[in-house]
Structures are given as C-alpha cells and as structure tokens.
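Listed in order, the protein sequences are those of chains A, B and C. Numbering-wise (the working numbering), the first sequence opens with residue 1 and increments by one. Numbering-wise (the working numbering), the second sequence opens with residue 293 and increments by one. Numbering-wise (the working numbering), the third sequence opens with residue 1099 and increments by one.
None of these hints come from the bench; they were simulated from the model. Be careful, since some hints might not be right.
Said to hold, decoys possible - Which stretches of chain B does chain A cover? Using the computed rule of at least three CB atoms under 8 angstroms from a CB of chain A, they are: (1) 996-1006; (2) 1015-1028; (3) 1062-1070.
Note that the Cβ used here is the ideal one computed from N, Cα and C, for glycine as well.
What follows is the residue order along each chain.
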Amino acid sequence: MALQSLDITRRSATTTPSPGQRRTMEVAKLIDVTKCIGCKACQVACMEWNDLRDDVGINHGVLDNPTDLTENSWTVMRYAEVELEPGKLEWLIRKDGCMHCANPGCLKACPAPGAVVQYSNGIVDFHEENCIGCGYCITGCPFNIPRLSQKDSKVYKCTLCSDRVAAGLEPACVKTCPTGAIVFGSKEAMLHHAEERIADLKSRGFAKAGIYDPKGVDGTHVIYVLHHADKPEIYSGLPKDPSIGAMVELWKGATKPLASLALGAVAAGAFIHYVTKGPNEVSEEIEKEFEE
Amino acid sequence: MTNHWVDIKNANVIVVMGGNAAEAHPCGFKWVTEAKAHNHATLLVVDPRFTRSASVADYYAPIRTGTDIAFLGGVINYLLSHDKIQHEYVKAYTNATFIVNEGYKFDEGLFSGYDEPGRKYDKSTWSYEIGADGFAAVDETMQHPRCVLQLLKQHYSRYTPEAVSNICGTPKDAFLKVCETIATTSAPNRALTFMYALGWTQHSVGSQMIRTAAMVQLLLGNMGVAGGGMNALRGHSNIQGLTDLGLLSDLLPGYLTLPRENETDYQAYVDKRTQKPVRPGQMSYWQNYPKFHVSLMKSWYGDTATRDNNWCFDWLPKLDKVYDVLQVFELMFHGKLNGYVCQGFNPLAAFPNRAKLSKAMSQLKYLVVIDPLATETSCFWENHGEFNDVDPATIQTEVIRLPSTCFAEENGSLTNSGRWLQWHYKGAEPPGEAKPDVDIIAGIFLKLRELYKKEGGAFPDALMNLTWNYRIPHAPSPEELAMEYNGKALADLTDPKDPTKVVLKKGQQLDGFAQLKDDGTTSSGCWIYSGAWTEKGNMMARRDNSDPSGLGNTLNWAFAWPANRRVLYNRASCDPSGKPWDPKRTLVYWDGAKWTGPDVPDFKADSPPSEGMNPFIMQAEGVGRLFALDKMAEGPFPEHYEPFETPIDTNPLHPKVISNPAARVFKGDLEAFGKGKEYPYAGTTYRLTEHFHFWTKHTKLSSIMQPEQFVEIGEELAKEKGIKAGDRIKVWSHRGFIKAVAVVTKRIRPLTVNGQTVHHVGIPFHWGFKGVAKSGYLANTLTPFVGDANTQTPEFKSFLVNIEKV
Amino acid sequence: MKVTRRQFFKISAGGLGSSSIAMLGFSPGEAQAEVRTFKLARSTETRNTCPYCSVSCGLIMHSLGDRAKNAESAIFHIEGDPDHPVNRGTLCPKGAGLVDFIHSENRLKYPEYRAPGSREWKRISWDEAFTRVARLMKDDRDKNFIAKNAAGVTVNRWVTTGFLAASASSNESGYITHKAIRSLGALAFDNQARV
C-alpha cells in the first residue's frame, strides 16, 4: 500500500497511472522573507531531522555557511546587502531550497522510473534508491536545487519533510523557525496568510510587496512573501519567470504513451545533448533537426 | 526583565538597543515579529552595526559604540523640551517632585563630592532635602529649582540633537526620527519596550546606560504596563537564577547582601537594610529584610542558628572589598590566589585581556574545572601553536578536571529572563562517569568535612554545622534542594489576624514569602523563590499554558518570582485611582475591595487607592527614581563618559573628564589602554546567532553553520586598507593580536564623530583552540581589563584596535 | 526492473526511446517505496529546557528505548515543545542542534588529573579526585583563613581560593553550591552575571 502512504500522483519515467481516486489537501510552505532574520535555524533543523551533516567548511568572506546547497545541505540562507535607495540598506535574506513546483522540471527530466515522485499534496520527493545519478533533474530544475552526491552518485534535495507531513506534522524547518518567517498549511491558507502579510508590508511603505508563486511552473508549494515582489532577482537571484526548459518539456512529451517511437528517439538524443552541453547549443541543434 | 518574553507582543514601539535580540535571542524575538504583525508595532534598532535585528526593523539608526548615554540623554531632552511625557504618571509615580539636597552640583563632568585620588565620590549631597515631618520634601508643582524634574531638565539640556550627533555619529535626522517614534508612547494607551543585553552592560558606564533608558521609560509612563518595561535579555539560560541565588562575591540569596567588615554588629547590619519609608504611607518592602535573612540562616544552619547567636551572623564572611572576577584575576596575576575552582565556566575565554589571564592562571597552585566539555580553561597549559602558545613544562599548576552532566541528563529548574522558574527532566544517562554538579559539590564538601572531622583546622564551625539532611548525602536530589530554597514552617504558623487558626503545620512547605518570620520559625534558602515548591507540589513544573486575558500572562505555567507575578510594578499600569491607564492592557485594577486582575498584583492587595500607597513598593519612596540618590557609583544622573579607549581621545561634553571618573582601574591596566593615534578603530566584540559562546564550537551542527573565525569591517575601511572579503587580516590592540578572515560588508558604515571619521571593527568571539570548529584566536586577547563602575562588568563592547592585511 | 545509468545510456544509444518502455506499461517496483519512515513513532519523549540563552525554550527530547530496565536511553532527536508559551515549538540554530552538544566528541567522561609541569592528562577515579581537591582546598584554607582582621574584628573569610559558579547549571545546583562554598568563608566567589 506504499503509494497510499502519501498518495503519489506522478512518478518519473513511468506511465502506468498512479491511483487517482483519493485527493489530499494541497499543502504549501510560505517563506516570509520580510520576517526572516537569517538565523539558519531552518538549516540546522533540516540537517538534524534528516540525519545529515555537511562538512565543517571555511569562511569565504561572507556569513553564509554552508555557502551553497549540497547533498547534505538541502536548504541554505542567501544573504544580499541591497541599496535600492542610496543610503537605505536592506539586508535581504532568502531561504533557498526546493520549491516543490506543481509542474516539476526535475520529475519531467528524470529518466529513472520512480526516482522522482509527486504526491497529491504537492510535495515533490526524490526516492534515491531509484536514482541512477544521471543528473538530468539538476538541469531540469529551473531553480538549481538538486545536488549530486559524490559519495553514492545519488541526487538529494529537500523532501518538504514528507516523512513528517505523512505523519501529520509540519516540516522541521517550519517548526523551528523562531520568528514565524516560515509557515506551513494548506496552500489556500498560506495564500491567505500571505495576503495579510502583504497588507501589513504595504502599510509600512513597501508598495511592491507581494507573493512569489511563479506561474511558469504552474505555481509552487513553497511560496515567498517578498517586500519587492517586482524584483525577485535582488533576492540572491530568485528567477523572475522560471519555467521548465523547452527540451525538458519535449523529452517529457516524448514519454507519453501515444508519442511516436521515432520522435522519442530524436528527443532522447537531443535531450542527452541538452543536459550535457546546455540548452543554447541544443536548441539550435534541435531546431535544425526539426527543420530537416 | 520587568516584563517577560511573551509580553513583548503587547508593545507598540520596540527599541532594540544595547543588544541584538534577533541574533542572540531568536526565539524570544518572535514576540517582536508578532507585535509587528498583529499589533502594528514599530521596531527601532540603534546599533553600531546593521544587525540581523536591523534587517527586520522599521527604522535603523547607527551609533558609535559606547555612546548610548549621549543618545538616550538626547531622548530625555527631546521628551522634556517637546513636552512628550506622561504627566500624571511622572508626577505621581516618579521622584520628579522630590527636592534635592542643596549641596548637589554637577559641573564640568563631575558631580559634587568627587575624590580624585580615590576615583570615587562622597555621595552625601546626592540626597533628598528632608522636611520638618522627617520625610523627603516634595513640590507637587515641580517648579522648585531643586526638584528632580527641574534638575533633570537642566542636566540634559546639553544633550541637543547636534551634541548627540556629534558624539554618537548618528545623523541628526535619524536621531530625531527615533525620538519622534519613542515620544508617541507618552500616550497612556501606547507602550514602548526596551530590549537590551550585553551591548549595554559591557561598558565602563554600562549600568548608567541602562538607567538612562529606564528614566526614559518612567517619563513615558511605560514601567509596569503590558508591552512596556525594561527588558534585560540575560545571556545564559540560568544566569538569572544564579544571580537570584546570590552567587556573587557580595551577595546572599534573594538580593540580600553580605556584611562589610565594618558591619560586625548584627542589629546594625539588619537595620541598615531594613529600609524605612521616606514618604508617608509607603510600603518599602525591604522593611521585611530580617524575615528573609533569618529564614535563610535557618535554612543553612538549622537549629544551630538562634536568636542568641544572632542567627550565626559571625559565620558569614565579612567583605573588605568586593571580589568580583576582575579583582580576583588581578589578585591571581599578582600571585595572591592559590586555588581556583571553575564550575561550567571558561574564564580564559570569557574575561578580558587573555594574556593577563593566562599569566594569572599559570601562577595558581591548583585549578579545578567542573564542566561537561573540554574547555580552553582546563587546557590553558596545553600548547596549541599560535592559538595557545605556552610551554606546559613551565606551568606548575596542578589541574583537576571533573566531568559534569549536561541539561539533558538531570532534573532541575532554570530561571529564564522573564523570571520564570521552569522544571526539566532527565532524558538519558551522562557519558562515561560524568556526575551532576550537585553530586560533585557534595562530593568535595563531604570530603572536606571528613578531613576537618579527622584533622581539625581553621574555623570549622560553619562548614561542620551546615544543614545536610539529604536522603543520599553524596547525591542530594534536585527536588529536596528545591523544597529547601522554597522554605518551610519550623513551627505551627498561625493566621496573623486570627492566632487560633493554624495556617501551616510544622514541617509543611511555605506558600510564599509573605509567610516568612524573623523569629526562627520559618526557613527559606532564597526568599524570592518561596512559592516554587509548596504543599501543592512543584509549582515550577506546571504546564497549563492557558492565557485567559490574551496578554500572555500564563499564570499556571511554571512559577515566576516574585509570588508568580509576571509583570513587575504592575500597580503602575493603573492611574492613582486604581483604573488602568489603558483598559485594553489591564493587568490589575482596584475592584472596590481589593487589587485583582489577570496578573498577580505587585502591591498590598487590600490597600485602597485612597491610602496613597505608590506602586514601586521596593523603594523607600514608593516611586521610580529619576534621580538615583547614592545608588550609583558615578552620579545620580547618567552622564556621557567615553569608553576608556576612545577613538576621539576626548569627551566633547567636558574634555577634562573623558571617561568614567568612578570606574576602578588597576595599576598596569591603565598603561595597557591604547590611544586613538595608534589604534584608530573602534573595536567591539559580540555573539553570532549560529553560536553560543565557547560551547557550540564543540557541536558539529553549529560548527557547520559558522566554521571559522572572522572579523567584520565596512567597505570603506576595507578599501582604505586594501582588504578584500575572504582575505586574512590581523587585528591588534594594545594587549595582543588575533588573525581572522575578513568579512567586508555594507552593514558597518563609517560615522562622523567630533569632526573625524570613525570606523568600527566587529569581532565575533566564538572561536578558540578546542572544539570541532576550526581553531581560532580567543577574541579576548584584544579586550581591556576594566569594568563598569557599579558591577565591574568588563568593557568588551568598546575598545581600540588597528588592522592590516596579513 | 532496475534501470542503471549505464543501461539507460544503452537504451538511448540503441535508439530505443524510453517512451517505448513506457508504452509497454513500465512501472518500477521501487517507485512504491514509501516516504522515509517516521523516526519518532515510538521514541520516548522527555521535557527539558534549552541550556543556552535566557529565553529558555521548552524542548522535547526523543530517545531510543522505552526506559525498560535493559534499554539505555540515548537521545537522538530534539525539537521544540509546541505547548511552551514562549517558544511554541520553535528553536534557534543553536537549540535545533542540541543533539550534537549532548554527543559532542569533546564531552568529558572521566575525572582527569594534570600534574604540575606535565604535558598530559591522567584518568583518575572520583574518590581520588574528591580527595585531592579537598586536600588542596583544606591546606590552602587552613593556612590562609582570616578569622579576625588587623583591627581584631571577626571577619571569618577565605580569599586565597576563588570560585566561579556556572551560568547554565540548575537553580538546585546553584543553591547548594552557594550554601557549601559560603560556609567555607569564601568571598572570591562570582558567576557569569558580571560578565
């Protein structure tokens, strides 16, 4: 009854349909960047809960440690010292990690059956035992989240604590957050919570305060409240309009049962090229192939 | 804290100054974000650095380290000159109306009575004028030229916005913006809270910084109200408790004080501390001093303590001076201390001027360290290369290291900053043979007793007669000890109103300190903790978190001293007639027959408003002191004095008196102070949110989050010095140097002070030569060996350094 | 069916689109793997208080073993106590990592002794430790105790051995420490409050 522990709606590289009758509440994690003090409690709680320990690194001249996501650091704080108006410093601190896209690029890109799954509550999870270490999910992700482990050639990322959520608890990062910058609940409740926060921010002079729930991936199950929602890129490069690359979409399209075998072969070849050489070269190449 | 953590949510304006709550107390800071989100509160942060607290503030104002009195004195001037005070409160509940002794003067940076060679004051003129009725004289109109309000106006009239900006480096508009926001809370329906920590205490004028803020709160009518108060955010989990229990050179439990050596007469000793009211009809709660003292002595010496031997008064050691930690290390440095016993403390890292500390410890005959972790102190004799370059062979100190349990491995209570005593439970056995601190102290003590019994020796009376009736003498249980400090009836106690009615039988636990007696019929090891373990059981273990008033006063959660009261001075939340200033934040009120409400009234429960008893019942005046009388070392009004190491080498207010004239400076340390010419930058040490002092470098998770020692400097200074982020830099003071990675940031900006540019150098202090994080230098290598004139808390926050790229 | 990376490339290189596998109704057995098993299902919970700052957050410590006689408890996870009025389940980065404090490789396990001039620690027994500490203290006290000062006034003080009390130990520990140490006449006795 494994599929029912958290109902799986989609599995990578798999076409047998998942059980589809039951519907569970769509969940979301809201990260209110305007309340975040960058304390890294979420990072510690994540490591502690998931029994991970990253390396004790070195200081690189910034406060950020670990400095990037790794197979052991599934979430990190990204710090940006920004002056939108001269002399008015803002220290924008954003918790980075998996966005749990409604339309997940990782899942679409993944060629290993069942290595990436999406539950009906919206969580996108990696089942590492199925992972073949190809790294396609990394390319498929518009947020640059998954990380390949050198130790076991598997890819790791935030699970939104699917184990806790399955047991009826909030994720570890959410629970620990000292200032309530991270909250968790139904997606509907989170959107409502965000509205309240945005009203408060507007009353404090942040005219462009808003929510980040990007449409390019059909929305996410990790959403942000930003003081400057018109400029997500100032938050350490949060993508303005993230979307799944054309190649990933095509590759995934090719896996559909009714797609032709020939197109599938072309797409597979091109896709491998895409993930190894990068999107620009590939797009040219595939355009050419289609022209032919 | 006069209030408590959850109460912060009731504030309208929150000032984080002299602290960095978001970083050092993140989970308490949630009540700031809560106040912002649901009480539309405004958060102001005043700090030399744009901190994590500043990152979520509505307004941030920079300030030069060590100049907070100038800033807050400027706020007082603003409030008085813009008439932004809560008049009725100031008149009724402060000593603004009191008339001061004619001899009181302030001139050119010095108050009347200064003894220059002794670096101290004769404080006799810092007093009230006494009227014909024997009470302090007052002028209700507050027009008398020597009434406190007029003297206050006069004193702070020098603290103009221009003067403040010139001293603090705070831009004038930023200073005024802070003043305007603070001033809004003079309205009775608005409250401001000050949240401060070591950023105020760790200065040579630290206590006066805190006082200045407290005076602002009195003027605004913010003391005693929900969402108001002076909120000291204590640094450690139980430093509130250890202070309450009096583990300081000159204290006894419950803020009772040890006698000086000129106080050898018991009656004179207690009479001096039994403060009589200085205004008619006031409570002056310290009138009960003998009850607290006698009950303590009954706890310690049991049947041996009798009226005939003055409750063993002779057995208490008499002070010739206060042996604070700086004094003790000064003695150790000069070879006058033979032994040192450190329990859960790492002085080699925690006190200033590491070179001096290291040399001092090397002169000890023996050192005993009780700790769960391998601290630098216990390993001070080990060579760790550049981080601890000593030769073990030359260090003749005998060191004994005793492993203790940590929190998870024992039962007991801790007192939080909000004065809540909370009980916790053991979850696992300690590693190896580690023992609880209680058992270790008992082990040493019982062994000593055994030796004294066998061999005799110096004055064994007190130690041989100390009560030790624990079921397992070498392992007293935390429960037994808690019952002991709560206290019990040593005879049947009767109702004072009806002597035939027995309230408590002999041997029963007391309900609270109101039952204490000065005739030897009660015991209590710490009077303010009485009520923690009553006949109803362990009140500290209570877990009902219901909050009927919605103000966060969860009266059935744990136990708060005193008397389970959550907001101190809460009588002041009502006007003189007993009605709350703001009905929405009702803590207590007079219901016609008694004081009642959602908090435990901090008042005589049956004293009607018509009796005129005032809210500050611990004070002999019954009111809050704007004028501190003789309670402070350096003056009855706080005055701006520069740090002992100041980058401007002068005091713009009075160049002849630069630094605190009443601070104690040891010979040799004065010479070790640096000057601005050689050390141009204002250094300051602090915590990071990822670490806790020198403990978490022993934990993997914390070490991953902040692995390596660094120093923060501003972009402008970095450019001047050719330093890039990630470069290794050397930072040195007149006492030594450290090397660390440079973090270059926009969060530290140069300030213009007295016509010159002042750069800050920020020095987090979490690294050392033991731990799982990368080894680093102990940051106290740099800091000066001088303390606050009242508390002797070292001046870690303001000193001078120079820097260069390595 | 297990698909390794090499097999995948083989499939692709052979011109077989994985879509063909899909069209055959491919459904990997491993996809049925559940979410990671919830690790607290039967752990023993103990309430405690964070030992770091003075917010004193409530903790729930989860330990292995159900306190049966033969099971030695080992704490493997700590999270905030949601019922606690102050922290309401939250913990800061230090508190969230407390489990690594408990199990730090630098925890002391045995009484140890370092002789004058020595370069090493030597493990000793508790009895040896208590005996030696008491001997050192007594010798110093007997030699330097001041019963009367120069003016002949009874002062009963001992100021040649200093004591420093903890800042994170319990009130009960603080209480008994004060009681015992003061009974020796000690005045060079302070704690972290001053720092």
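Hint check:
Chain A is given as covering the segment 996-1006 of chain B, and this holds because 7 residues of the stretch bring a CB closer than 8 angstroms to a CB of that chain, at least three being needed. Check result for the segment 1015-1028 of chain B against chain A: holds, 4 residues qualifying (beta carbon to beta carbon below 8 angstroms, three or more required). Counting residues of the segment 1062-1070 of chain B whose CB lies closer than 8 angstroms to any CB of chain A gives 3, so the stated coverage by that chain holds, three being the minimum.
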